[in-house]
Amino acid sequence: MAPHIPLSQRKALCGRLLYYDAFQSHELNLYAENSVAEAERFFGYFFDQLILENQIDSQQREKEHSSSKPRQPLKQLDVSLRDALERFKVVLPSMLFDNAGALMQGLLPEIESKVADISCRKCTPFERICEGVSDAEDDEIVTARGMCVVQLREMFDIASEVARAYYSTHGTLFPAGKPPEIVFSTVQFMTEVGAHNSAADRYASGLTNYFSTLARAQVQLHLYVRMFDLETYKSVLYLLFHECIAHAFHATHPDPKERETAKPYERFTEGWMDWVAYKILEEVVKGTGDEGQRWKNRITLPNVFEVSTTLHRSRSEGGNHVEGASQIRLGVRVAEVTFDFFKELAQRKVFKDVGESWRAFLRLSFDLNMLGQIDAKQRNAFVGLMRHLEFPAQQDEMRYPLEALLLDYLRTQDIHTLVEEVNKLAQAR
Amino acid sequence: MSEELRYKWADISVESYERDLDELWSELQNPNSALSREAADLGLNVEELRQVERKEAIGVRVEGEGFGGETVALIIALAPVATATIKALTPIIHDVWKHILFPRILQRKGGQALVPKE
Numbered sequence: 001m002a003p004h005i006p007l008s009q010r011k012a013l014c015g016r017l018l019y020y021d022a023f024q025s026h027e028l029n030l031y032a033e034n035s036v037a038e039a040e041r042f043f044g045y046f047f048d049q050l051i052l053e054n055q056i057d058s059q060q061r062e063k064e065h066s067s068s069k070p071r072q073p074l075k076q077l078d079v080s081l082r083d084a085l086e087r088f089k090v091v092l093p094s095m096l097f098d099n100a101g102a103l104m105q106g107l108l109p110e111i112e113s114k115v116a117d118i119s120c121r122k123c124t125p126f127e128r129i130c131e132g133v134s135d136a137e138d139d140e141i142v143t144a145r146g147m148c149v150v151q152l153r154e155m156f157d158i159a160s161e162v163a164r165a166y167y168s169t170h171g172t173l174f175p176a177g178k179p180p181e182i183v184f185s186t187v188q189f190m191t192e193v194g195a196h197n198s199a200a201d202r203y204a205s206g207l208t209n210y211f212s213t214l215a216r217a218q219v220q221l222h223l224y225v226r227m228f229d230l231e232t233y234k235s236v237l238y239l240l241f242h243e244c245i246a247h248a249f250h251a252t253h254p255d256p257k258e259r260e261t262a263k264p265y266e267r268f269t270e271g272w273m274d275w276v277a278y279k280i281l282e283e284v285v286k287g288t289g290d291e292g293q294r295w296k297n298r299i300t301l302p303n304v305f306e307v308s309t310t311l312h313r314s315r316s317e318g319g320n321h322v323e324g325a326s327q328i329r330l331g332v333r334v335a336e337v338t339f340d341f342f343k344e345l346a347q348r349k350v351f352k353d354v355g356e357s358w359r360a361f362l363r364l365s366f367d368l369n370m371l372g373q374i375d376a377k378q379r380n381a382f383v384g385l386m387r388h389l390e391f392p393a394q395q396d397e398m399r400y401p402l403e404a405l406l407l408d409y410l411r412t413q414d415i416h417t418l419v420e421e422v423n424k425l426a427q428a429r
Numbered sequence: 001m002s003e004e005l006r007y008k009w010a011d012i013s014v015e016s017y018e019r020d021l022d023e024l025w026s027e028l029q030n031p032n033s034a035l036s037r038e039a040a041d042l043g044l045n046v047e048e049l050r051q052v053e054r055k056e057a058i059g060v061r062v063e064g065e066g067f068g069g070e071t072v073a074l075i076i077a078l079a080p081v082a083t084a085t086i087k088a089l090t091p092i093i094h095d096v097w098k099h100i101l102f103p104r105i106l107q108r109k110g111g112q113a114l115v116p117k118e
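Listed in order, the protein sequences are those of chains V and Y.
My numbering numbers the first residue of the first sequence as 1 and each following residue consecutively.
My numbering numbers the first residue of the second sequence as 1 and each following residue consecutively.
Hints in this document: simulated from the structure, not taken from any laboratory.
A few of these clues could be false.
Just a few of them, taken from the derived set where beta-carbon distance is under 10 Å, the chain Y residues facing chain V [stated by the list, open to error]:
1. Leu24
2. Gly43
3. Arg50
4. Thr71
5. Ile100
6. Pro103
7. Arg104
8. Gln107
9. Arg108
10. Gly110
11. Gly111
If you want the ones that stay clear, here's a sample from chain Y, every Cβ over 10 Å from chain V, calculated [unchecked claim]:
12. Glu38
13. Val62
14. Ile86
Everything numeric in this text was worked out from a predicted model, so none of it was measured.
Beta carbons: idealized from backbone N, C-alpha and C, even for Gly.
Chain V with its partners taken away, still in its complex shape:
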């Protein structure tokens, strides 16, 4: 079980997810009929009704606090959604739309149908349903099933399955017998999400926490529910790929209980590994590579990769006020340069093709990430030294010794020795 956005805010989140799913089904028609702007105005009225449901809950809580009464059950989620929808339908005729037909005959029945499908009673595997009295009790239901956030959970499931599959295939340090657990959590932000993935005007971010008591990574999806929009929705898969690939198995070898949450300015985890996560996302969305095609059909939102590309690029742009943007940029650049070097090795027939170069690069990235005996400073130093691969040997005297170390590593696959030797080389500079 992991914490999730409390019931009251989850109502608004669920309503928004349902609306955007309905919008996606009719997007082409809406574009064809020049009605996208009207659809935005249309959903604005629906979202206002969801906010009203949230205010009703808040007023109940305020009354309970002021009279020192314990928390009482809130209106259940499915009832709130239906009430919001009914009020929305009452106000709709008074709104002036140029193309009311596309909205009333296309979008509205789709939303009605999706809202009707939500049933708290059918969702819960227990005798009880979510009622906002004990957040922990509600979390047990959301963790077990949580139909109200099923779209987000499905994206988490894809991201965690992909991370597990890629790490177990390519990482030599991956504990195949008993891999660390990855659990999904959602956290609400009342204002702008202030973390490093909130660049590019997205109202979401991610964070991975570890436990000192057990081998578990808790992937948190941070959402500013009131501003959660379609672009943010389409960014969630990339955010979860970043968390699952860059962080979930970070420092798991040899003891997954002794891990520290990464800082936003770490060039290896936030830069290099973010680039790896982004490239794996590309394989999965496009269904390319050795394993990518396994998940392609489960990604139903359109333009996910394009939207993710904008977010990925914005993370390393200083203008977006991302903490440690220059460090992230360096990490991304060095990952690209290192992979370019591996591709060059395919031309030199060290590898039989670029596919083998990619697999070797993944092995290096995953093993370096999983290695718990080195700290962030050493990983960052590793990235700093790998930067010398950017320059030809005539211009950079570090290039040859570095190449020799990498070739030794590719032969032995011994990440410990590589890290040790790279450190020595860095100190000898």
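Put chain Y on the given structure of chain V with help from the hints.
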């Protein structure tokens, strides 16, 4: 040994944090509550905390003056009472704060409610 954790002032009253902590502590007192199940799932033995008052285990206060988060800090004091019993329970109080109560406060008040002050 007691420990004080400093967080940025998030314009939320101390009373509000206290109220949330009291409610959560009360849930932990019930061995059949979902919060107690969560603690057990995380490998935390909270049995001994059931004889301890919340304020003996975790205190909340504000330090500093002013209007902004720069000069004001919210202090979460773990094991603030210097009795032998509380001292012995400090490691579990620390873990319960970190893995159970801290995330639950963020859940209720939002992710920016307790941002560590560096």
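Going down the list of hints, with the structure as the test:
1. Leu24: holds, 8 Å
2. Gly43: holds, 4 Å
3. Arg50: Violated - the Cβ of Y/Arg50 stays beyond 10 Å from chain V, reaching only about 16 Å at its closest.
4. Thr71: Not OK, violated: Y/Thr71 not within 10 Å of chain V, min 19 Å.
5. Ile100: holds, 9 Å
6. Pro103: Hint on Y/Pro103: holds, closest Cβ of chain V at ~5 Å, below 10 Å.
7. Arg104: Where the cut-off is 10 Å and the nearest Cβ of chain V is about 6 Å from Y/Arg104, the hint holds.
8. Gln107: Cβ of Y/Gln107 sits 4 Å from chain V, so the hint holds.
9. Arg108: This hint holds: Y/Arg108 lies near chain V, its Cβ roughly 7 Å from the closest one there, short of 10 Å.
10. Gly110: holds, 4 Å
11. Gly111: holds, 5 Å
12. Glu38: Y/Glu38 is in fact no farther than 10 Å from some Cβ atom of chain V, at 5 Å.
13. Val62: At about 20 Å from chain V, Y/Val62 clears the 10 Å cut-off, so the statement holds.
14. Ile86: holds, 21 Å
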